[in-house]
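Visitor: Residue strings, one per chain:
Number of protein chains: 2
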Amino acid sequence: EDAKEAIKDMSDPYHNDPKRHKILKPASVKPFNAEPPSSILVDNFITPNDLFYVRNHLPVPEIDPETYELEIEFEGKTKTVILSLDDIKKFPKHTVTMSIMCAGNRRTEMTKIKAVKGLGWGNAAIGNAQWTGAKLRDVLTAAGYDVDSDEYKHIHFEGLDTDPTSKPYGASIPSWKGVDKRGEVILAYEMNGVPIPRDHGYPIRAIVPGVVGARNVKWLGRIFLSSEESDSHWQQNDYKGFSPSTDWDTVDFTKSPAIQELPVISSICKPIANQTVTVVDGHITVQGYAWSGGGMKIVRVDVTADGGDTWHVATFDGQDSNDPPQHWAWTLWTAKIPIPDGTENVELWAKAVDSNYNTQPESFKNIWNLRGVLSNAYHRVPINLQREK
Amino acid sequence: EDAKEAIKDMSDPYHNDPKRHKILKPASVKPFNAEPPSSILVDNFITPNDLFYVRNHLPVPEIDPETYELEIEFEGKTKTVILSLDDIKKFPKHTVTMSIMCAGNRRTEMTKIKAVKGLGWGNAAIGNAQWTGAKLRDVLTAAGYDVDSDEYKHIHFEGLDTDPTSKPYGASIPSWKGVDKRGEVILAYEMNGVPIPRDHGYPIRAIVPGVVGARNVKWLGRIFLSSEESDSHWQQNDYKGFSPSTDWDTVDFTKSPAIQELPVISSICKPIANQTVTVVDGHITVQGYAWSGGGMKIVRVDVTADGGDTWHVATFDGQDSNDPPQHWAWTLWTAKIPIPDGTENVELWAKAVDSNYNTQPESFKNIWNLRGVLSNAYHRVPINLQREK
Ligand SMILES: [Mo]
Ligand SMILES: [Mo]
Numbered sequence: 080e081d082a083k084e085a086i087k088d089m090s091d092p093y094h095n096d097p098k099r100h101k102i103l104k105p106a107s108v109k110p111f112n113a114e115p116p117s118s119i120l121v122d123n124f125i126t127p128n129d130l131f132y133v134r135n136h137l138p139v140p141e142i143d144p145e146t147y148e149l150e151i152e153f154e155g156k157t158k159t160v161i162l163s164l165d166d167i168k169k170f171p172k173h174t175v176t177m178s179i180m181c182a183g184n185r186r187t188e189m190t191k192i193k194a195v196k197g198l199g200w201g202n203a204a205i206g207n208a209q210w211t212g213a214k215l216r217d218v219l220t221a222a223g224y225d226v227d228s229d230e231y232k233h234i235h236f237e238g239l240d241t242d243p244t245s246k247p248y249g250a251s252i253p254s255w256k257g258v259d260k261r262g263e264v265i266l267a268y269e270m271n272g273v274p275i276p277r278d279h280g281y282p283i284r285a286i287v288p289g290v291v292g293a294r295n296v297k298w299l300g301r302i303f304l305s306s307e308e309s310d311s312h313w314q315q316n317d318y319k320g321f322s323p324s325t326d327w328d329t330v331d332f333t334k335s336p337a338i339q340e341l342p343v344i345s346s347i348c349k350p351i352a353n354q355t356v357t358v359v360d361g362h363i364t365v366q367g368y369a370w371s372g373g374g375m376k377i378v379r380v381d382v383t384a385d386g387g388d389t390w391h392v393a394t395f396d397g398q399d400s401n402d403p404p405q406h407w408a409w410t411l412w413t414a415k416i417p418i419p420d421g422t423e424n425v426e427l428w429a430k431a432v433d434s435n436y437n438t439q440p441e442s443f444k445n446i447w448n449l450r451g452v453l454s455n456a457y458h459r460v461p462i463n464l465q466r467e468k
Numbered sequence: 080e081d082a083k084e085a086i087k088d089m090s091d092p093y094h095n096d097p098k099r100h101k102i103l104k105p106a107s108v109k110p111f112n113a114e115p116p117s118s119i120l121v122d123n124f125i126t127p128n129d130l131f132y133v134r135n136h137l138p139v140p141e142i143d144p145e146t147y148e149l150e151i152e153f154e155g156k157t158k159t160v161i162l163s164l165d166d167i168k169k170f171p172k173h174t175v176t177m178s179i180m181c182a183g184n185r186r187t188e189m190t191k192i193k194a195v196k197g198l199g200w201g202n203a204a205i206g207n208a209q210w211t212g213a214k215l216r217d218v219l220t221a222a223g224y225d226v227d228s229d230e231y232k233h234i235h236f237e238g239l240d241t242d243p244t245s246k247p248y249g250a251s252i253p254s255w256k257g258v259d260k261r262g263e264v265i266l267a268y269e270m271n272g273v274p275i276p277r278d279h280g281y282p283i284r285a286i287v288p289g290v291v292g293a294r295n296v297k298w299l300g301r302i303f304l305s306s307e308e309s310d311s312h313w314q315q316n317d318y319k320g321f322s323p324s325t326d327w328d329t330v331d332f333t334k335s336p337a338i339q340e341l342p343v344i345s346s347i348c349k350p351i352a353n354q355t356v357t358v359v360d361g362h363i364t365v366q367g368y369a370w371s372g373g374g375m376k377i378v379r380v381d382v383t384a385d386g387g388d389t390w391h392v393a394t395f396d397g398q399d400s401n402d403p404p405q406h407w408a409w410t411l412w413t414a415k416i417p418i419p420d421g422t423e424n425v426e427l428w429a430k431a432v433d434s435n436y437n438t439q440p441e442s443f444k445n446i447w448n449l450r451g452v453l454s455n456a457y458h459r460v461p462i463n464l465q466r467e468k
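In order, the protein sequence lines correspond to chains A and B.
Counting the first sequence from 1 gives a position; this note's numbering is that position plus 79.
Counting the second sequence from 1 gives a position; this note's numbering is that position plus 79.
Accuracy of the hints is not assured; some may be wrong.
Since the list gives no way to pick out one identical chain from another, each pair is judged satisfied if it fits inside one copy or across any two copies.
Unchecked claim - Lysine-lysine pairs mimicking DSS-like chemistry, simulated, CA-CA at most 30 Å apart: (1) 415 with 193; (2) 191 with 158; (3) 260 with 156; (4) 172 with 415; (5) 334 with 168; (6) 444 with 193; (7) 444 with 415.
In case anyone wonders, no lab produced these hints; they're calculated from the structure.
Next comes chain A alone, as it looks inside the complex (with noise of 0.2 Å):
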């Protein structure tokens, strides 16, 4: 019998999984993907590694960092850059602070409105960490590109994570993101100062900062300059908006711009909902993350317990201190909410304003999209109120 187990575990391709912190909640196991309660989120301006957000599309790598390779090679060109992990380390070190998000992160608040398809992620598919590495306009640079030349449109990311058939995870990016002096992207081989664990990416991940975490490609191959995106399914076929009208039948994903950065998003962390909130002084506690993709800040964030008819500013707990257009870390702010005499319950609603003064829409109604991303309608969350005895 256990004998069989093993067997069974080999056939898997799953079976070299890393093991993972127990208070990581599965979306799905195989592939694994999982995050933590929100209340976590809030606790630490830097998430911890073994409590962020894991979202894998296929089985982790078993990758020998002695043995490692990215491959680097342009559209029309014979020439391959072939470079160790030892070379990436060579480059100047630059660390960006930065928060990732899931395309699909608080999908579970649209799929209440309609069924979408897609994991069932709550509002912790986020988390926010120190990433250091290689800049990947040096990397290019060195790999005799000209990176002011605008000579290719994308540039390609390629997992060493694979499917059956031995297709590896794919997504593209626009090559002036890639290059640009702002941009910031790097090649990354730390999170918040420890080689990156395997979940997120080990040895080698592409850090996209300001855009959806699907194009962050993790455990890095290859990279590729092309005139043309990314022909992989995450590119082409999923990872897209639509009009809350648009059904199965008569979607075309060609009619669509794969999702990179990302719009302005909050979400309230504590309370939760249909928690029991403890009244103090006539006010109640409330606390969550902001966060714009494109480099934007937050600039404003409003809660409100009584459907808009207040608007109560929130104070900051935890802001990096860059301006837009590389503000690419999240905000948690508190907020405090007077709540009258009597008042039994209440839906707290928060929203986000960001330096371009985007803010949030208000209801999943009219954002409602059949693969459920870009879930950033307003936080609607329901509590209890008692009073101290």
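Given chain A's structure and the hints, the job is docking chain B with the ligands onto it.
Guide: Just chain B with the ligands, lined up with the frame of chain A:
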């Protein structure tokens, strides 16, 4: 009597203002602020100069192109660079197709929720033009500035228009934008192929693509590179967003950032509110514009006639081919909306989505602000329906 009139005119600081097209509806006459009927906007991808909205803060200065001078100064340095109009025209000529919008565009819709302070703009305080001039990046390089140095954080623009105390109109932009390779900030001397009309900044206007009209300083007289933002009224105590619950008793202008890049917006131009529209083959036609600041591109416009139960994707009639983050022009769109038999009136709503998948807030209630700026909630247009006989 005639002589008296002439004397009175001469003492009026506005007596030298140019003649304007009769179709422009003034929101104020001195200073002159006016917009065309919104239906004119969707007739032309490029707005004709004489139909372009005018937003003046002060009298229009009369400037002799022969003696015109632009001063360029650097904080902490004694050198002043002085350029004539001919000097500016000697730089490589660069054209950008770009929309300019007033921060107060669509203010009259927000005012319906609760009064605000500001000019009563409808939805036509926006226009799209081709602007030609010298790149600020080139001009500053020639003035001895290392545009890659990030030595200064802000670039101030001062107009030659002055108030009764001789104080000029002024504003500043972050210097990264002013010198960025992809920022395309220009010192423009042509608007749609002719010298810029007096109302729009003759002979030189700072053109800052993707950024609110107020920073596109007309009648440019001085550029100043500084460690600080402009201390002008319009930078510090105006053109900022606040929470809906902030009023004139509680407002602190130091707490909000100056508006620069603008959020995504759209508006319905045809039909107009309360118009009677003929249903043809069970459909009506709706036309409008959409735009987003920061070089973002409009990727979708949705229109509904049933409160969001069904959304219809508009087709684009006019859109620039530039990719984000250098997509500066608006998008003109048309939607065919099916109308059920017997329906006598509907309310049309439009919303746009930009290339960062930011979208518009639903209602003015939750974005109301005391200055009535950033008025980008869904445009809601009630109309009456009639059938062909
Ligand atoms: Mo994702
Ligand atoms: Mo304006």
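Visitor: Confirm or reject each hint.
Guide: Here is how each hint holds up against the structure:
1. 415 with 193: Between. Shortest inter-copy distance 26 Å satisfies the 30 Å Cα cut-off; intra-copy 33 Å does not.
2. 191 with 158: neither (51 Å within a copy, 64 Å between copies)
3. 260 with 156: Classified as both: same-chain Cα gap 25 Å, cross-chain 27 Å, threshold 30 Å.
4. 172 with 415: neither (41 Å within a copy, 54 Å between copies)
5. 334 with 168: neither (40 Å within a copy, 42 Å between copies)
6. 444 with 193: both (9 Å within a copy, 26 Å between copies)
7. 444 with 415: both (29 Å within a copy, 21 Å between copies)
Violation of the numbered hints given earlier is confined to hints 2, 4, 5; the remaining hints are satisfied by the structure.
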